[in-house]
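A.B. asks: Spelled out, the chains give:
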Amino acid sequence: MSILTAPSEPKAQEAAPSIELTGVSKRHGDGTTGVVALQDVSLSVASGEFVCLVGASGCGKTTLLNLIAGLDRPNVGSVEVRTPSDESQATSTAMLFQDSALFPWLTVSANVELPMRLRGMEKPERRAIATDLLERVHLGGFGDKRPHELSGGMRQRVALARALAQEAGLLLMDEPFGALDAITRDLLHDELESLWLDRGFTAVFVTHNVREAARLGDRIVLLTSRPGQVAATFPVDLARPRRIDSPEIATLAATVTDQLRSEVGRHGR
Amino acid sequence: MAVDLPVTATAPSLDEAMAGLDALDGIDGPAHDRLARRMWRATWPKLVALGLILFVWQVAVWAHWKPYILQTPAAVGRELWTLLGSSLFWQACWVTAQQAVVGYLLVILVGGIVGTAVARIPVLRAGIGSLITGMQTMPSVLWYPLAIMCFGNSSAAIVLMMILGAAPAVANGFISGIDQVPPSLLRVGRILGARGLSLERHVVLPAAFPSILGGTKQGWAFAWHALMAGEFLILVNPLSLGGRVVNSVTQGDWAVVVALMIVIVVVGIVVDMAFSSVDRAVRRRYGLIDPSSS
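Protein chains in written order, with this note's numbering: chain C, 1 to 269; chain A, 1 to 294.
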């Protein structure tokens with residue numbers, strides 16, 4: 001998919017992996033004082049699929065992303081991230097957070113270049129790719145700025161460009177637009193969707209915002225809280241590009257919200 | 001007649017909307033004050049303070065307080081002027097400056113390595129973490145006997161005093177800086193592919209840098225104390241600044257003593273100002289200061 005796009009495109013990214021979680025449980029802390037973050041979670045994400053995880057506080061979503069990213073290990077069950085071609089374990093995962101987590105000591109361009117620098121790429125090559133990626137997220141000309149000189153939405157776009165610079169086939173997002181105003185968020189939805197359509201990476205997107213999930217996902221997975229379990233799955237069979245204010249999304253969001261509320265309501269009783 | 005609602009037809013493209021939003025966010029850099037104005041604002045309080053000191057000093061002379069020792073500001077000023085014109089004085093400055101640079105570089109090297117190691121290796125921290133804090137409170141003069149025993153009357157002994165006196169402050173700057181690195185940055189560094197030493201090099205040390213700079217600045221003050229104490233006590237080179245002070249004291253040349261003291265204070269102030277300006281520049285780069293307040 002990405003090979004067919006503009007000639008300025010960097011070399012084809014790693015093939016989009018699929019994810020298979022089987023009977024995963026994860027406990028933080030030990031014994032009686034510990035908290036069960038995830039209990040018996042099974043979830044599969046197809047190669048190139050965009051899955052949104054929705055849940056209230058305490059649904060273990062950050063834990064889940066850490067497990068998929070390989071930053072943590074489950075107590076029970078298995079997490080497998082496989083590339084479709086040779087079934088080998090995928091090597092790199094890109095991640096976006098609510099806080100852009102850009103490095104303040106680096107310029108915008110140097111931030112985007114860092115993952116390539118860590119892979120040992122020469123400066124002229126990575127500089128050129130970073131320039132292209134910044135153009136792609138509509139930030140051409142901002143390469144010499146420092147992160148603190150940008151607005152929150154711009155910083156998130158830089159973080160997106162930096163994630164793309166990893167050329168990973170898997171992008172994990174932990175409420176990346178949660179701290180942004182609604183106008184900026186809507187535009188970033190368009191941006192993210194168009195990048196995903198271009199490049200065909202596998203995406204796992206965690207959010208509290210049901211409409212956002214319906215706007216972006218191929219599938220919405222609803223998680224329960226304490227412990228985190230899969231409560232329901234909703235396919236989103238709507239054509240792209242989508243609009244967050246379309247009636248179809250409003251209808252779907254209402255259905256998901258009703259179920260979410262009944263899940264949350266259990267904790268009040 | 002049916003009203004047509006061309007919702008998507010008039011909607012601007014993503015490019016246009018994004019550019020417009022960025023323009024509204026107005027990310028132009030802050031306007032800086034003119035240099036001359038900033039310098040004046042920093043300078044006039046110092047000039048007033050200097051005037052006040054000279055005034056009190058002159059009053060003390062007029063009041064005949066310690067009449068055989070205390071010289072008038074004018075006499076000291078004349079000595080200072082003669083001093084600044086003599087090649088021996090500049091030689092003394094050169095000798096001391098060399099000693100200062102060599103000693104201070106070693107202080108940063110030792111403090112940096114020890115600090116990084118203690119911050120990153122739990123066993124070392126448990127072992128010598130509190131020792132470093134304890135050493136920082138020790139006056140550098142107390143290292144004099146040890147320095148003499150190890151290296152005798154030599155500049156190596158002075159360097160040892162500088163390291164023992166100042167490296168703990170530098171090490172503490174590294175330790176507290178590294179401790180304060182946000183875990184989220186470490187996590188991002190790992191996700192981007194930084195491991196082991198490259199994580200230290202590309203994430204930990206740059207993130208800790210503002211605090212490290214604070215530690216090296218404090219380390220300079222301690223190193224300068226230790227250097228002066230060393231030049232007083234260890235008479236390697238009577239041509240150094242400290243050596244000149246000792247000579248002038250033995251000759252009862254009080255005006256020269258005070259003139260040399262002024263030189264030593266001025267060196268301290270100038271180096272401190274240099275550190276502060278580097279510190280400000282770094283904090284501005286890191287976005288740690290409100291641009292409107294500086």
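If you are wondering where the hints come from, they were derived from the structure by calculation, not from laboratory data. Mixed in with the good hints, there may be bad ones.
Unchecked claim - Residues from chain A shown here face chain C by an in silico Cβ test under 8 angstroms; the list is partial:
#	residue
1	LEU14
2	ASP15
3	ALA19
4	PRO183
5	ARG187
6	ILE191
7	GLY193
8	LEU197
9	PRO206
10	LYS217
11	GLN218
12	TYR286
Ideal placement from N, C-alpha and C gives every residue a C-beta, glycine not left out.
A.B. asks: For which of the previously enumerated hints does the structure constitute a violation, in increasing order of number?
C.D. replies: When the structure is compared with the hints, numbers 4, 8, 10 and 11 turn out to be violated.
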